Each structure stands twice: as C-alpha cells, then as structure tokens.
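Enquirer: These two chains come separately, so use the hints to put the complex back together.
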Amino acid sequence: DAEITQSPRHKITETGRQVTLACHQTWNHNNMFWYRQDLGHGLRLIHYSYGVQDTNKGEVSDGYSVSRSNTEDLPLTLESAASSQTSVYFCASSESSWSADTQYFGPGTRLTVL
Amino acid sequence: TQLLEQSPQFLSIQEGENLTVYCNSSSVFSSLQWYRQEPGEGPVLLVTVVTGGEVKKLKRLTFQFGDARKDSSLHITAAQPGDTGLYLCAGALLGYSTLTFGKGTMLLVSP
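If you're matching them up, the sequences are chains A and B in order.
First residue of the first sequence? That's 1 in the numbering used here, and the numbers climb one at a time after it.
First residue of the second sequence? That's 115 in the numbering used here, and the numbers climb one at a time after it.
Just so you know, these hints were derived from the structure itself, not from any lab.
In this text, all values refer to a predicted model and were calculated from it rather than measured experimentally.
Even glycine gets a Cβ: it sits at the ideal position worked out from N, Cα and C.
If a hint is listed, it holds; no wrong ones were tucked in.
Covered stretches of chain A, as calculated for chain B (at least 3 residues, CB under 8 Å):
(1) 37–43
(2) 85–97
(3) 105–111
Computed footprint of chain A on chain B; a stretch qualifies when at least three of its residues, placed anywhere within it, have a C-beta under 8 Å from a C-beta of chain A:
(4) 150–163
(5) 216–224
Extracted from the complex, chain B is given alone in its bound form (with noise of 0.2 Å):
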C-alpha cells in the first residue's frame, strides 16, 4: 500500500492550460513538500509545507496542505512546456525523520 497517493499518474495538456496535481494519504504528516524531476538528473525541491492549510505560491505554482495534514496540491496556472516533468510529493510522518515519496506525476506540457 502507498502511503501517498499521487493522481493523476500522468497529465497531458496545451500551453496555457491550468492544472491541479494531488497527494493524498489517510496519514498524518509533520511537513510535505514537492520536488520536480527532469529526464536524467535528480530531483529539486520546489516548496516545502509545514502548517495545516498553508498555502504557498511560486510564481504560476500554488502549494496548498490540507487542514488536517493528510493531503497536499499543486496548481499550475496557465502552464508551459518548461513546466514539463515528473512532479513529487514527500512527506515526513508525524514521529519519523524520514520522508516517504509518492509515485509522481509526470506532465508534458506541448507547444
């Protein structure tokens, strides 16, 4: 069982379409954050969260953890094919040190 649940798995659209990316658990966690993933090289962080209902915004990226700290999402407003890649959400259980990732979504974003 996956303790996060990202959806969709995979999200193809235009340039100038919106998008919503979501991660969802049934645990609690102490902190989320997102990375994204480009083809051949590591992950980078993008946001981090830590209080129940935060919402933080990145130039056209919008973070939002939900009230009681089990889900998290991630909009994209009018996207671009720069916004291309595999996007992931970690997060770290209440107690542990550790983070636990979800599976990703990958978004292609066309011209």
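This is chain A alone, in the form it adopts within the complex (with noise of 0.2 Å):
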C-alpha cells in the first residue's frame, strides 16, 4: 500500500544546530507540503512543493528551507534550531494541485529544540 512516511518520529536538538526532518511517499503524487502543528495556532503551512525543483513558501517559512530533488521526497531543514522551532511537524502530499483535493499527512515529527 502506497504510504507517506516522516522520520526521525522524534528529535531532540540544541540551539543553533541544523536539522533536517525526513518526509517519504509512495503515492507518486506531485504535490508536498510541510506544517508545523501547536497549542493555540493549529496546523501552519511551512513550505510546499508542486513537483520536482519547485519550492514555494508558505505562512511561516522564516528559519526553514525545502528542496525537491525527486517526487519521493521533500526534506525539511532548520538551518539554525531555535526554541521557537519546538513543534510537531507533519508532511502531507496529494495528487493534484486542486485545492479541494485531498492531502495524506504523515505521522508526524515531535522536535525539541533545548
């Protein structure tokens, strides 16, 4: 079965220090997307991607940066950790780039930044 996949399911870093948080699909879809979920704020939009070599930023893309080398994956990168950063992040794709279509979330990544 086609499955979307995050990993590592739970990082503890230092201020300061780059991290990357993995995102894998097998659906073959175009269309990524990261958010970061919070207390009080709900689900943000962080980066998207609608196909190889395409980026785009979303509400709360300061600090974080997305590339897109193939359809599989879309690695998230916090070039410097900060405790602002603490979050669970989730990764999503979907097939087509309609709004209404529908988005598969993965399980989710529970950073802490110390």
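Expert: The structure is reproduced here in structure tokens:
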C-alpha cells in the first residue's frame, strides 16, 4: 500500500544546530507540503512543492528551507534551530494542485529544541 | 487574526449525545474540508465540500457548507467513544491553492 512516512518520529536538538526532517511518500504525488502544529495555532503551512525542483514559501517559512530533487522526498531543514521551532511537524502529499484534493498526512515528527 | 474560527475549542460529552462543531470565517472559500486527528497521528480527511449549501453525510456525521461559502458545520448524531479526536476544518481561499486550517475542536466522548 502507498504511504507517507516521516523520520525521525522524535528529535531533541540544541539551539543553533542544523536539523533535517525527512518525508518520503510512495503515492507518486506531485504535491508535497510541510506544516507545523502548535497548541493555540493549529496547523500552519511552512513550505510546499508542486513538483521536482519547485518549492514555495508558506505562512511561516522563516528559518526553514526545503528542496525537491525527486518526486518521493521533500526534506525540511532548519538552518539554525531556535526554541521557537519546538513543535510537531507534519508532511502531507496530494495528487493534484486542486485545493479541494485530499491531502494525505504522515505520522508527524516531534521536535524539541533546547 | 485566525482566518477560520472553530467552536467550541473543547467538547466533552457522554456516549449517545448529539453535537455540532462550527467553522466560521469572514472570507469566502472555494472549498472546505474536515479532518479528524487522533493522538500521535496525522490528520485524516473526512469530507470535502465545494458548493454553497452543500450537505454531505458520512454515517452519523453530517457536514454542511454555508450558502455564502464562509462557514461550515459538522454534526454528529449519537456520538460514540470512537468519535473522540481533534476535528479540524481547512479551507482554500478563492484564488489560492493551499489550505488554511482552523485551530481545531477537541472532542471527548465518554462511555
């Protein structure tokens, strides 16, 4: 069965370190998204991609970057981790760029920045 | 300012009760979705509504999209403990391809 996976599931890091969260999907979807989920804020879009070599900034992109070198993967990099980036991160994918298309979410990565 | 306001934020009820969750905005959406999220997992899509006034039913769950496409509601009949979870509404503004999520409604159904 097709799926979307995230790794690691839990990560503790220190302020100032570079961190990369992995997202891998076997749906062969063109569209991939990164969100963060925080109490009191819900899910907020960080970056998204509509295909290989395409990346776009979302609502809360400062301090984050992504790159899309193949269809299956969209890694999220925190260039210099800050305590404000402690959160649960979700990756999602969808088949089309139609806004009403189903987004399939991964299980999430809980990141703690000390 | 939150684009999509969900209410209530938290709801604790007994098995068998009915409930309604609301998702409101001052903006017009081209589509609106409802997701359910269980602890330690990602959200899972329940339904998508795209037409103003549209009503969709999924077993004991009834979803409605407002006539003006600015609001939506989720009604659960005879809630069961398995309905427990975080319910999220998400909408796409006219002319935009990405989703904006509400903060969610945490539902706890006790036996």
